[in-house]
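Hey, can you work out the whole structure from these sequences and the hints?
Protein chains in written order, with my numbering: chain Z, 1 to 240; chain G, 1 to 184.
This list has only true hints and no planted wrong ones.
To be clear about the criterion: a stretch of chain Z counts as covered by chain G if any three or more of its residues have a C-beta under 8 Å from a C-beta of chain G, and this derived list gives those stretches:
#1 171-178
#2 196-210
Sample of chain Z residues at the chain G side, in silico, Cβ under 8 Å:
#3 64
#4 76
#5 128
#6 161
#7 219
Derived from the structure by calculation, the hints contain no laboratory data. Even glycine gets a Cβ: it sits at the ideal position worked out from N, Cα and C.
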Amino acid sequence: MTASSLTKRPLRAAFFAVLAVATIVAGSRLAASDHQDTPEVELNPRMDINDVYAFPGASADRIAFAVTTSSPIAGTAASFDPNLLYQIKIDNTGDAVEDLVFQITFDNGTGTAQKYTVRGPVAPSMTGTRTMLLTTGPVITGNVGTTTGAAPGTQVFTGPRADPFVIDLEQFFNIIPDRRPSIGPLSGPSTPTATAFRNPGIDFLRPFNALSIVIELPKSQVLAATDAGAKFGVWGTISR
Amino acid sequence: MRFHFSARLVCAALALPLIAACSDNDENGGTTGPTTTRTYQQIERLGNPLVSEVFFMKRDHGLHNNTAPATDVANGFGDKIKTFTNSFNRGPTIANTLVAVLVPDMLMVFPNRAGNTAGWLSWALANGYGGRRLNDDVVDAGLTAIFGNLLDPAAAVLPGLTSDNISTTTRTYGTTFPYLEAAR
Chain Z
1 MTASSLTKRP LRAAFFAVLA VATIVAGSRL AASDHQDTPE VELNPRMDIN
51 DVYAFPGASA DRIAFAVTTS SPIAGTAASF DPNLLYQIKI DNTGDAVEDL
101 VFQITFDNGT GTAQKYTVRG PVAPSMTGTR TMLLTTGPVI TGNVGTTTGA
151 APGTQVFTGP RADPFVIDLE QFFNIIPDRR PSIGPLSGPS TPTATAFRNP
201 GIDFLRPFNA LSIVIELPKS QVLAATDAGA KFGVWGTISR
Chain G
1 MRFHFSARLV CAALALPLIA ACSDNDENGG TTGPTTTRTY QQIERLGNPL
51 VSEVFFMKRD HGLHNNTAPA TDVANGFGDK IKTFTNSFNR GPTIANTLVA
101 VLVPDMLMVF PNRAGNTAGW LSWALANGYG GRRLNDDVVD AGLTAIFGNL
151 LDPAAAVLPG LTSDNISTTT RTYGTTFPYL EAAR
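Right under this line is the structure:
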């Protein structure tokens with residue numbers, strides 16, 4: 001296998017997707033706590049992780065993870081990029097190296113005909129920034145926009161959901177303009193034009209959606225220890 | 001729950017000469033998706049909210065995206081955070097506390113602590129569950145930590161910078177799976 005087996009993104013389709021988003025989205029193309037933070041990610045919004053969440057599940061023995069991506073998306077018809085690998089990585093040994101991963105991929109379908117595949121949580125064959133798909137462990141599939149599974153097992157949902165993040169993004173860039181995107185309505189002057197947030201703030205993200213992944217499962221599957229001091233670190237990644 | 005045994009996983013488990021016959025090559029643009037025989041390269045990463053976005057100069061966002069938490073300390077993420085807080089003269093207590101909780105950049109969770117103590121950085125501030133809930137106002141939490149006197153009671157509070165003056169009450173979060181609001 002050679003490096004050229006990395007999928008080449010169809011450039012015309014990516015450009016068209018950018019045009020479509022640019023014409024639909026009246027407000028910012030930036031979103032969430034980590035938005036279009038490099039030029040490449042700006043031009044390919046589906047490569048953008050917006051936020052990662054981890055919180056108690058439906059019962060004390062369960063935990064939920066949510067990853068929101070690609071915001072802002074207007075409308076409910078967006079599909080995940082089948083060339084990307086989404087991962088949720090977990091370090092439960094305290095060395096900042098992942099011990100378990102979830103791997104989420106999508107097929108070429110569109111809308112609710114697109115299918116997701118969730119592998120894991122399983123120890124990865126490679127750690128760090130290079131990854132191969134897991135070949136062992138549980139596999140769950142379903143259609144985008146639907147939930148698969150239920151307690152006491154693993155439950156998965158993927159699909160467009162309302163962007164949960166809230167920030168006065170415009171004013172943030174007025175205060176710290178270095179962080180501005182390079183294109184779009186929030187690109188702008190590189191000198192500060194404000195020294196404080198305005199009151200009330202303006203909530204740009206309210207109308208928009210994010211392609212989201214939600215996984216809930218027994219917490220013992222990510223961390224076997226039961227003492228109160230037991231901990232893990234979690235982060236999300238996108239790879240191609 | 002539907003588990004299925006992917007044909008591609010079966011192929012990957014077989015002897016090497018069979019992999020070529022089984023793999024999906026999606027470079028021809030019309031196949032069914034990923035293959036278990038290729039290597040993916042990370043292009044984007046997120047752990048804690050706001051770390052890259054607030055603290056890092058734009059030119060360093062690529063560094064964050066193309067690296068893993070295991071190298072955050074060696075890559076000087078602590079110095080980048082300190083550079084930011086020093087530019088606002090926030091002092092060493094605030095700087096060192098932020099570095100201690102945000103580097104390496106992983107969202108920390110203590111899942112055996114009480115669920116009602118969940119919230120971003122609650123593990124550091126109040127021996128809580130940690131993690132991050134959907135309705136955590138991480139913008140205000142982050143701004144207060146940097147520009148307020150939450151982390152250093154002796155620090156000056158910078159007016160107008162400790163909140164962006166929108167709360168998460170403008171959203172409706174679900175109490176049942178999948179918790180996120182339906183798409184608009």
